[in-house]
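K.L.:
What follows is the residue order along each chain.
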Amino acid sequence: MDTSEKTEVVLLACGSFNPITNMHLRLFELGKDYMNATGKYRVIKGIISPVGDAYKKKGLIPAHHRIIMAELATKNSHWLEVDTWESLQKEWVETVKVLRHHQEKLATDSCDHPQRSLLMDRPGRKRKWDEQKQDSSPKKPQEPKSTGVPRVKLLCGADLLESFNVPNLWKTEDITQIVANYGLICITRAGSDAQKFIYESDVLWRHQSNIHLVDEWITNDISSTKIRRALRRGQSIRYLVPDLVQEYIEKHDLYNSESEDRNVGVILAPLQRNISEAKHSNPTA
Amino acid sequence: MKNRIPVVLLACGSFNPITNMHLRLFEVARDHLHQTGMYQVIEGIISPVNDSYGKKDLVASHHRVAMAQLALQTSDWIRVDPWESEQAQWMETVKVLRLIERSRSKTADYPVKHLPLHHHNQLLKSSAQMEDPDPSKTPSASAALPELKLLCGADVLKTFQTPNLWKDEHIQEIVEKFGLVCVSRRGHDPKGYILDSPILRQFQHNIHLAREPIQNEISATYIRKALGQGQSVKYLLPDTVIAYIRDHGLYSSDGSWTGKGKIS
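Those protein sequence lines, which keep their order, are chains A and B. Heads up: the first sequence runs through residues 1 to 285, numbered per UniProt numbering. Heads up: the second sequence runs through residues 1 to 264, numbered per UniProt numbering.
Calculated from the structure, these hints are not laboratory results. Bear in mind that the values here come from a model prediction, so they are computed numbers and not experimental data. Please note that the accuracy of each hint is not assured.
As the list claims (entries may be wrong) - Dumping the calculated PhoX-like pairs for lysine-lysine here, alpha-carbon to alpha-carbon at most 25 Å:
#, chain 1, residue 1, chain 2, residue 2
1, A, K196, A, K58
2, A, K105, A, K90
3, B, K95, B, K167
4, A, K6, A, K171
5, A, K171, A, K105
6, B, K234, A, K40
7, A, K40, A, K6
8, B, K234, A, K75
9, B, K106, A, K40
10, A, K90, A, K57
11, A, K56, A, K97
12, A, K226, B, K234
Said to hold, decoys possible - Here are a few chain B residues that sit away from chain A, every Cβ distance over 12 Å (derived from the structure):
#, residue
13, V28
14, A88
15, E176
The beta carbon of each residue, even a glycine, is placed where N, CA and C say it ideally should be.
So here's chain A without its partners, still in its complex pose (with noise of 0.2 Å):
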């Protein structure tokens, strides 16, 4: 098969990794895997772009601690990484200007270095057997030539998807913008309702060879909220988050009821701003 036709993608998750769970990894290796299935793309990276502390969402820690355990959890993965960009912005982020952001940094990387593999981008990183594994040629030293820029999609789960209905929490444009020129990626229990989900919009309609939906066959409920129930009831969290992540956790006692309290009464970011920005604009209403 020759490789070099193949559209390079870069999975970008968003979210607040409060914390980060073995679920939200698992999403990852679910869509790379898909993608690279179809023969049409290459999954040649995984970001991980945990949102800033201005999200404003109840039980959300300081972002320094989500950002160390992510980093953490991606420690022994050859192709994931964590991004602070969002997280750094004193304001909360829309998530279609992250995804523009990434794609901008990736066209501006790929015009410095054209002939570059951004795969080789960390020093001394070996190719994983797998990565190996993939390329039906003979092994060569170096990647094949890719067509163009990389592009960025948006990797989630079916909550993202069916979100996109809760008033005020997303502004229509950038739900378009993200279909339209990014695409998204949305992993999803077997049997869910994400295509009827597709199906009742007309904009996700429109668009809807831009959404891959990916089944995940295991039943896979490790929600980092739970997982902040159970580290407050003194329950084990073992083998639902990486090892480095409990012991991070642990060390450092990040959730209890105090941290479960935190912007508790407060808006959530999103809500506020669209609330806000539609009342400007309908100043009578």
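Since the structure of chain A is provided, determine the placement of chain B on it from the hints.
P.N.:
Leaving out everything else, chain B in the frame of chain A:
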């Protein structure tokens, strides 16, 4: 501090391969027993089944034992016992229980493992029944012999109903003499299974039903299929086990393993 009954949890099964879900069973069961205020789990044992069990796709036991050992490297309380897998043939679970109990009672001065401080703190947080919350005291197991209990998922409890799979007198011995800790699983109704069986009903006080609220249905069957298709299983089982599978060419679709037998 009130003395708790020390407990050892034994899990039998194929472990073909061991997964994060198997490991979770132990954690959930331990938390559950501690929450009752009556028990203190001092050890966990994984006993992979003998090759002659004859289950489809079962890889050689020395591999399954090695993988379990790798998975448990970072656990301070669970270990692998290869004895069952090393016997000439398959043996009933109740015999494994009897043997492990016998071998423990022979060691007169069985040392109660000191729990690492962090788990000990969690114990204190989780049990409202603790009489003495002094963190400087190690929760003491009584000097009595530990109770050995069979740990399993709800699916195993269901198999008690399968004709000819278990002997009734064995089921009785397991629940009467030893005890069962059963971790819930999606699509199963352990309470219903107990009510449907006279033996289980009679000894239901000795059957502990632990709920796992964080669903994590990682079946080894799925893992084998995914591996056969070249798909990622990262984060479903420990990295060290994945590396072992790769290094030994296990579960690959090109049939580089025979699945049955003693060839390395």
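K.L.:
Run every hint past the structure and note whether it holds.
P.N.:
Each hint, compared with the structure:
A C-alpha spacing of about 30 Å is found between A:K196 and A:K58, which places the hinted pair above 25 Å, so the restraint is violated. Among the hinted pairs, A:K105 with A:K90 is consistent with the structure: their alpha-carbon atoms are about 20 Å apart, no more than 25 Å. The straight-line distance between the Cα atoms of B:K95 and B:K167 is roughly 12 Å, inside the 25 Å bound, and the hint therefore holds. At most 25 Å may separate the alpha-carbon atoms for a hinted pair to count; A:K6 and A:K171 exceed this at roughly 32 Å.
Among the hinted pairs, A:K171 with A:K105 is consistent with the structure: their alpha-carbon atoms are about 24 Å apart, no more than 25 Å. As the CA atoms of B:K234 and A:K40 are separated by approximately 23 Å, the hinted pair is consistent with the 25 Å bound. Distance hint between A:K40 and A:K6 is fulfilled; the C-alpha atoms sit about 5 Å from each other, no more than 25 Å. Restraint check: the Cα-Cα separation between B:K234 and A:K75 comes to about 13 Å, which is no more than 25 Å; the hinted pair holds.
Of the pairs offered as hints, the one joining B:K106 and A:K40 is violated, with about 64 Å between alpha carbons and a cut-off of 25 Å exceeded. At most 25 Å may separate the alpha-carbon atoms for a hinted pair to count; A:K90 and A:K57 meet this at roughly 15 Å. Between A:K56 and A:K97 the CA atoms are separated by roughly 18 Å; this keeps the pair inside 25 Å, and the hint holds. Between A:K226 and B:K234 the CA atoms are separated by roughly 21 Å; this keeps the pair inside 25 Å, and the hint holds.
The non-interface label for B:V28 is inconsistent with chain A: the shortest C-beta to C-beta separation is roughly 7 Å, within 12 Å. B:A88, annotated as away from the interface, keeps every beta carbon of chain A farther than 12 Å; the closest lies near 34 Å. No beta-carbon of chain A is positioned within 12 Å of the beta-carbon of B:E176; the least distance is around 29 Å.
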